[in-house]
Every structure is written in structure tokens, then in C-alpha cells.
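S.K.: Below are the chains, spelled out letter by letter.
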Amino acid sequence: MVDDMKEIKFLLAIWKTNLLSAMEYRASFLTQTIGMMVNDFIYFAIWIIFFERFKDVRGWGVNDMYVTYGVLASAFGLVSLLFGNAFTLSDIIAKGRLDYYLSLPRPVLLHTIASRSIASGMGDFVYGFISYGLSGYFTWDGLARYVLAMLLAAVVFASFLILTQSLAFWFGMMSNFSALALNAMLTFGIYPITLFDQYAKLILFTLIPAALVGAVPAAFIRAFSWQTLAQLLAGAIGFLTLSILLFRVGLRRYESGSAIQVEV
Amino acid sequence: MKPFSKYWSIFQITLLNSLAYPGELVGRSLMIIPFMWIFYQLWKITFSAAGVEVMSGLTLSNTLWYLMLAETIELGRPPLARTMSENVKDGSIAYILNKPYDFLLYQFSATMGETIFRAMLNAVFGGLTVWWLVGAPQHPEGFLIAIPAILGAWILHFCINAMIGLSAFVVEDVSAFTWIYQKLAFIFGGMLIPLDFYPQWLQTLAKFLPFSSAIYGPARLFVTPSVELFVNVMSLQLAWILALTFVLVIVYRRGLTQLTVNGG
Numbered sequence: 001m002v003d004d005m006k007e008i009k010f011l012l013a014i015w016k017t018n019l020l021s022a023m024e025y026r027a028s029f030l031t032q033t034i035g036m037m038v039n040d041f042i043y044f045a046i047w048i049i050f051f052e053r054f055k056d057v058r059g060w061g062v063n064d065m066y067v068t069y070g071v072l073a074s075a076f077g078l079v080s081l082l083f084g085n086a087f088t089l090s091d092i093i094a095k096g097r098l099d100y101y102l103s104l105p106r107p108v109l110l111h112t113i114a115s116r117s118i119a120s121g122m123g124d125f126v127y128g129f130i131s132y133g134l135s136g137y138f139t140w141d142g143l144a145r146y147v148l149a150m151l152l153a154a155v156v157f158a159s160f161l162i163l164t165q166s167l168a169f170w171f172g173m174m175s176n177f178s179a180l181a182l183n184a185m186l187t188f189g190i191y192p193i194t195l196f197d198q199y200a201k202l203i204l205f206t207l208i209p210a211a212l213v214g215a216v217p218a219a220f221i222r223a224f225s226w227q228t229l230a231q232l233l234a235g236a237i238g239f240l241t242l243s244i245l246l247f248r249v250g251l252r253r254y255e256s257g258s259a260i261q262v263e264v
Numbered sequence: 001m002k003p004f005s006k007y008w009s010i011f012q013i014t015l016l017n018s019l020a021y022p023g024e025l026v027g028r029s030l031m032i033i034p035f036m037w038i039f040y041q042l043w044k045i046t047f048s049a050a051g052v053e054v055m056s057g058l059t060l061s062n063t064l065w066y067l068m069l070a071e072t073i074e075l076g077r078p079p080l081a082r083t084m085s086e087n088v089k090d091g092s093i094a095y096i097l098n099k100p101y102d103f104l105l106y107q108f109s110a111t112m113g114e115t116i117f118r119a120m121l122n123a124v125f126g127g128l129t130v131w132w133l134v135g136a137p138q139h140p141e142g143f144l145i146a147i148p149a150i151l152g153a154w155i156l157h158f159c160i161n162a163m164i165g166l167s168a169f170v171v172e173d174v175s176a177f178t179w180i181y182q183k184l185a186f187i188f189g190g191m192l193i194p195l196d197f198y199p200q201w202l203q204t205l206a207k208f209l210p211f212s213s214a215i216y217g218p219a220r221l222f223v224t225p226s227v228e229l230f231v232n233v234m235s236l237q238l239a240w241i242l243a244l245t246f247v248l249v250i251v252y253r254r255g256l257t258q259l260t261v262n263g264g
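First to last, the protein sequences are chains W and E.
Each residue of the first sequence is one higher than the one before, starting from 1 at the first, in the working numbering.
Each residue of the second sequence is one higher than the one before, starting from 1 at the first, in the working numbering.
Extracted from the complex, chain W is given alone in its bound form:
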């Protein structure tokens, strides 16, 4: 328990440092935050145009899209802000840059992924809430469910990134595969789940768990159900456990790059 508190304090200290560092370049931080919100809005406008003309896709309408897009954007933004290195973990592994983290008396995975913050994530994070607010499903208890679902979706997201990027322990540079996996996750997460048949849905709950960051959190936000909550909890715990285990197994194979690394 004491150890857990120590790690939480450590994590908070890293996030505080990241925030202070971002605030040193306030103009850049603001440009990226606002730029990402505008980017999200323009992207979503395509769905508004689509549903204006075609009304719904097997019962899935624009309001459902607002919630799905919102929770996915917020979860993605939160991971970018708090665990920015999760997006480049394979590069860090392949280039031998884990040396720095291994030499310090802190959990390697946690320290590595939390050591960078992507400023544009703030834009995604905030935009998600706005999107939910505009969905027509907004209620105060819905907002509480939104926060819970978004946190669990963020855990799945971060775990998925760790899983795919940790393959670099075995296969070296994986930046293309990681980008492909991330794009697949985002694309499948945004599209209406009613598009997919049973086999595709099985993939979206397991191999590319896009349903756990898009459709399932959206269903939970719209109306509480024990089933969707259980799916979200099982997904978050299962993927997190799997990702930590895979990283630990991979870490045993890690070879230092012997390069001089400077961490700023």
C-alpha cells in the first residue's frame, strides 16, 4: 500500500513536470489544443453531412456518433496527455532508449510512457466533452458515466498501444505496424458498430478492441447497464494485465543500444 502511494506520488510529479514544461511554450500549447479541436470538429462535420442525407445506419444516428466520437476523442486525448510515450514505445525499445529508465529505481513501463505529454491531446480531451454535450443525450448522471467510461476506454487504449508497441522487443522497429494498428483502432472505433457482422464484432472486442473504446462506452453513457459496465471493466483489466505481462516478458529480451542518450 505504501509502495502504491509512492508510485502514485511519483506519477503525479511526472505529470506536474510535463505540465510545467508545456506551459513554458504556452503559445505552442494553445495552438495545438485549439488546432486539434478545430481538426476534430471539421472531421466530425463529415458525419453530420452523411447523416443529414442518409439519416441512419441500421438504427445508428448522428446523436450516437456524437457520443461515440466524443468518448473516443477524450480517451485518446487523455492517453496522449498523460502517457504520450505509449505512442512511440516501439521506437524507444528498438533504439535502446530504455537504458535511461532501467537505470532508475522506478517502474520501467510507467516511468517510460508517462515521461512525455502530447499537447494536442488536450484538444481531443476537451472536444470529447463538447461532442457529448451536443449529442442530445446529456444528463448529469450521464456525465458521470461519460467520465467513468472514458477512463476505462483510456486504459484499453493505453494497453493496446503498449501491447502492439512491445512487439518491438521481438521484431525491432515496429513503427509502421504500430501506426497501422493505431489507425485501425481509431477508424473502427469511430464507425457505427451496426456496420459489422458477428465475426467482425468478435475482432473488435479482442484483436483490435475498437468496440471497447467507441461503441461499448457510448452505449454505457447513453443508458446504464450492468452488461456494458462489465464489458468495459473486463476489457480494461484484461488488456491492462496482458499489456504489463507482455512488456515484462519482452523486457527480458531487451538489448541496450549502447548509445549515449540524453533525456531532457
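Treat the hints as calculated values from the structure; they're not laboratory data.
C-beta atoms are modelled at their ideal positions from N, C-alpha and C, and glycine is treated no differently.
Any given hint could turn out to be false.
Which bits of chain E does chain W cover? Going by a derived footprint, with three or more residues having C-beta under 8 Å, they are [said to hold, decoys possible]: (1) 26–34; (2) 42–49; (3) 180–186; (4) 197–208.
With chain W fixed as given, assemble chain E onto it according to the hints.
M.R.: Just chain E, lined up with the frame of chain W:
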């Protein structure tokens, strides 16, 4: 012709360089496969729900082949603006600017060299996927007719991306501009939904803008080729290329006076 031989050499060198890492090239191009598959699911259901074979002059097969070419154009182009921004941030811009060649023509030659194989592989993977899903294109000859428009599209993309890249001379980080440009191209270029499915007022506006000349024009020419459409697409594209090249040269000259070179 002699002054242009160096740019031809730059083009050739970049073209060969892009083949140096075939795994990287193929890996990146595989991204088009899930995109085309999900587009197929979306449009199959949409056509079926509408209960029609042809919508705004496009069949399901036309729509899929249209989207394949639109994606090929978009995914084929290298991240020029980001590269220019990186050059400004790390100071390497100084080594590019002081060489005995025109900066813009150098960037153009290098960008086109990088584009060719990226686009070809996207077209191969995207084409095979769409062929498997909906069969051969209705007008295979449309691809040859669309080639001049595809080249024009890349020139347009170059002009806009170079302008965004040049803004790095003043603001250094251009990521927000590149996201917004990409999403404007999505929406006004008809990259996810053919412009023909838009409301009339938005179609009229979008078809006039350069984004449609860079994506919609070539893609529509490919699926429904005709002399009239060819003349329309090419003349609008030419007008935009002339206008944007003029603006680009002015922006470049002004940008040079604002540039601060970092490092050494």
C-alpha cells in the same frame, strides 16, 4: 533544359531512396486495406437502405473505386509540411537553403520522387481489396484518363503543403495547420463521401475550391470518364495550380526574411 537536369536527378535519387526500405514502404501502404473494407461495409448498407442501385450517378462499385483513388492520392503524398517544419526546428534548413538550387523546385522534385512508389503501392493494395469486394472497375480506361489529373492533384497538394511548411519559418511548429488542412481536404475534397452525395449548396461551394481539384476531380474522372469531365477537371485544376504557385512564390520570398535558423 540543363538547369532542370539537377531537379530531375533529385527526383531520381529520392525515387530510389524510397525503395531503400521496402518493408517500410509496404507496411505503410497496407493501411489502405482496412479503410477500403470499412468503406465497403458503410456504403453497402447505405445503398441497400436507400433501396437504389445508383445514387447521384454512382453505383456502389463506382463509389468504392472512387474512394480507392481518393485514398491513394491522399495516402501517397509525403508529409512535406512536417518535414519542412522539422528542418526549421533542427536548423538543417540552413544546409538546404545555401545549396545551388531553387529551394521550392528542390522540395517539389524530392516530394514527387517520394510520392510515386507510395501511391503505386497504395493503388495496388487498395485496388486489389476493392476488386475483391465489388469486382473490376466499370471503366478501367478511366485510370489512364485520370493520370494527368492525379499529377495535377499532387502539384496542388505540394503548393498548399509547401505554404504550410513555409509558415514554419515564422511559427516553427505547423502540426495544427497540417491537421486542419487534411480535414478540409477530407470534407471539401470528398475523401470519405463523394461530393455528389452532399447537399446542393455545399457541392457547389466544394467543387469550386482547390480541395475538390486535388481529390474529387481525379477520382470522379476515374470512375465516370468523359471528354467534358476531363476538360472541366483539368481547366479548374490548372487555374488553381497557377494561382497557388503564384502565392507560394510570394510567401516563400517573404518567409525568407522572417526565418531564424536554429542550432548550427
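S.K.: Look at each hint and say if it fits the structure.
M.R.: Okay, the hints, checked on the actual structure:
Judged by the Cβ-Cβ criterion of 8 Å, the stretch 26–34 of chain E is covered by chain W as claimed, because 5 of its residues qualify and three suffice. Counting residues of the stretch 42–49 of chain E whose CB falls under 8 Å from any CB of chain W gives 4; the rule of at least 3 is met. Residues of the stretch 180–186 of chain E lying with their CB closer than 8 Å to a CB of chain W number 5, which satisfies the three-residue condition for coverage. Here's how the stretch 197–208 of chain E fares: 4 of its residues keep a CB closer than 8 Å to some CB of chain W, so the rule of at least three is met and the hint holds.
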